[in-house]
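*Asks:* Listed below, chain by chain, are the residues.
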Amino acid sequence: GQQVMQIPQYQHVQEGEDFTTYCNSSTTLSNIQWYKQRPGGHPVFLIQLVKSGEVKKQKRLTFQFGEAKKNSSLHITATQTTDVGTYFCAASGGSYIPTFGRGTSLIVHP
Amino acid sequence: DSGVTQTPKHLITATGQRVTLRCSPRSGDLSVYWYQQSLDQGLQFLIQYYNGEERAKGNILERFSAQQFPDLHSELNLSSLELGDSALYFCASSARTAAETQYFGPGTRLLVL
Numbered sequence: 222g223q224q225v226m227q228i229p230q231y232q233h234v235q236e237g238e239d240f241t242t243y244c245n246s247s248t249t250l251s252n253i254q255w256y257k258q259r260p261g262g263h264p265v266f267l268i269q270l271v272k273s274g275e276v277k278k279q280k281r282l283t284f285q286f287g288e289a290k291k292n293s294s295l296h297i298t299a300t301q302t303t304d305v306g307t308y309f310c311a312a313s314g315g316s317y318i319p320t321f322g323r324g325t326s327l328i329v330h331p
Numbered sequence: 072d073s074g075v076t077q078t079p080k081h082l083i084t085a086t087g088q089r090v091t092l093r094c095s096p097r098s099g100d101l102s103v104y105w106y107q108q109s110l111d112q113g114l115q116f117l118i119q120y121y122n123g124e125e126r127a128k129g130n131i132l133e134r135f136s137a138q139q140f141p142d143l144h145s146e147l148n149l150s151s152l153e154l155g156d157s158a159l160y161f162c163a164s165s166a167r168t169a170a171e172t173q174y175f176g177p178g179t180r181l182l183v184l
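As you go down the protein sequences, you meet chains G and A in turn. For the first sequence, this note's numbering assigns the number 222 to the initial residue and increments by one for each residue that follows. For the second sequence, this note's numbering assigns the number 72 to the initial residue and increments by one for each residue that follows.
Just chain A, with the same shape it has in the complex (with noise of 0.2 Å):
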């Protein structure tokens, strides 16, 4: 168990729908990390917040948009969905910076019928 949590696990939804994935980072972590895996692109970053503050930003689609709240939790929010955007959905945390250890959450699988 990483520390790192994600809901829902799994999610069916429909093209053209909206979504919000949730994370909870590990205890005392400030960075989150947004990420997608699929089969056909890997594991691609999506962004990142530290603090609250949305800090990098990756291969993120302008439908896609992310936040961190006060107490540090993290959602992804995911709009107009397409076929495509079926994925793994992955959140990490690290303490502070990209270049410490991320820990992963277990991911969301999202398809989109």
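Chain G extracted, bound-state conformation (with noise of 0.2 Å):
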């Protein structure tokens, strides 16, 4: 079945750095989803990408998806405290169900 890696597992920055967590996948995709889920909370839509070569802004966040829409990344600049949680990639094939990473942890040192 599909395989979702996601990596790092936990990231500890100062507050200012930058972040990047990356989804790679063993299958070619038909989209990814971005998550974000606070530490107690619940998972939360960030991003939906389903282009070859996408690239999507959000503020301080950049989502890509990769040309061979196997991979996937989420970066953060200048991590501010507010951005700490946990970031999942949701990985949908043919089906559309997706299958989630294992999730990024960041934490964010002020």
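Among the clues, some could well be false.
Claimed, not checked - The list that follows gives simulated cross-link-like pairs (lysine-lysine, DSS-like), each with its CA atoms no further than 25 Å apart:
| hint | chain 1 | residue 1 | chain 2 | residue 2 |
| --- | --- | --- | --- | --- |
| 1 | A | K128 | G | K257 |
| 2 | A | K128 | G | K291 |
| 3 | G | K291 | G | K277 |
What the hints assert, rightly or not - Not everything, but these chain A residues come out facing chain G in the computed CB check (under 10 Å):
| hint | residue |
| --- | --- |
| 4 | Q112 |
| 5 | Q115 |
| 6 | F135 |
| 7 | S150 |
| 8 | A170 |
| 9 | T172 |
Rather than coming from a laboratory, the hints here were simulated on the basis of the structure. For each residue, glycine too, the CB sits at the ideal point set by N, CA and C.
Given two chains presented individually in distinct reference frames, assemble the corresponding complex, making use of the accompanying hints.
*Replies:* Written out as structure tokens, the structure reads:
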């Protein structure tokens, strides 16, 4: 079945530093979604990428979908303490049922 | 607030017991999804219902079952509970398909003792 690897598992940064999490699939994807889960909270949808090579921005967040539609990344510029949480990618193949990565937990030190 | 409600918030029960988790999707959403989140397995898709019909199955155990009712609320039934079933169970809803935005509820935290 479809496998999704997300790295790193944890990332500690000083406030103001950049952060990147990567999501890699063993198969070509139909789309990829990114979610954020705050500690004690539930996953919240951030964005969906569909097209090969697609790049989308939301303020300090930049999302990329690889040319081969097998990988994706989320980059946060100048992290803030409000960015703390776990970032998940959810990759969908032909069935459209998403496989979630294990998530990257971002810890921001003030 | 995502618009998805789940009850109860917390549930403590014993091994061998049966519990029912309830979910009400966002108004207008036809699809409901159930997920299990545990520390060692991450977020695992269990099952999807669309307008009352089962649409897709994931890693759902035979001891678990779900249904979606005519008013579109859904229930997840967990039986013969084991210690390893302790986890956070999320319900999510989307307008139609999993390719669309999924809105997650606050979750039900299940502890099996």
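*Asks:* Does the structure break any of the earlier hints, and which numbers would those be?
*Replies:* Of the numbered hints given earlier, those the structure breaks are 6 and 7, listed in rising order.
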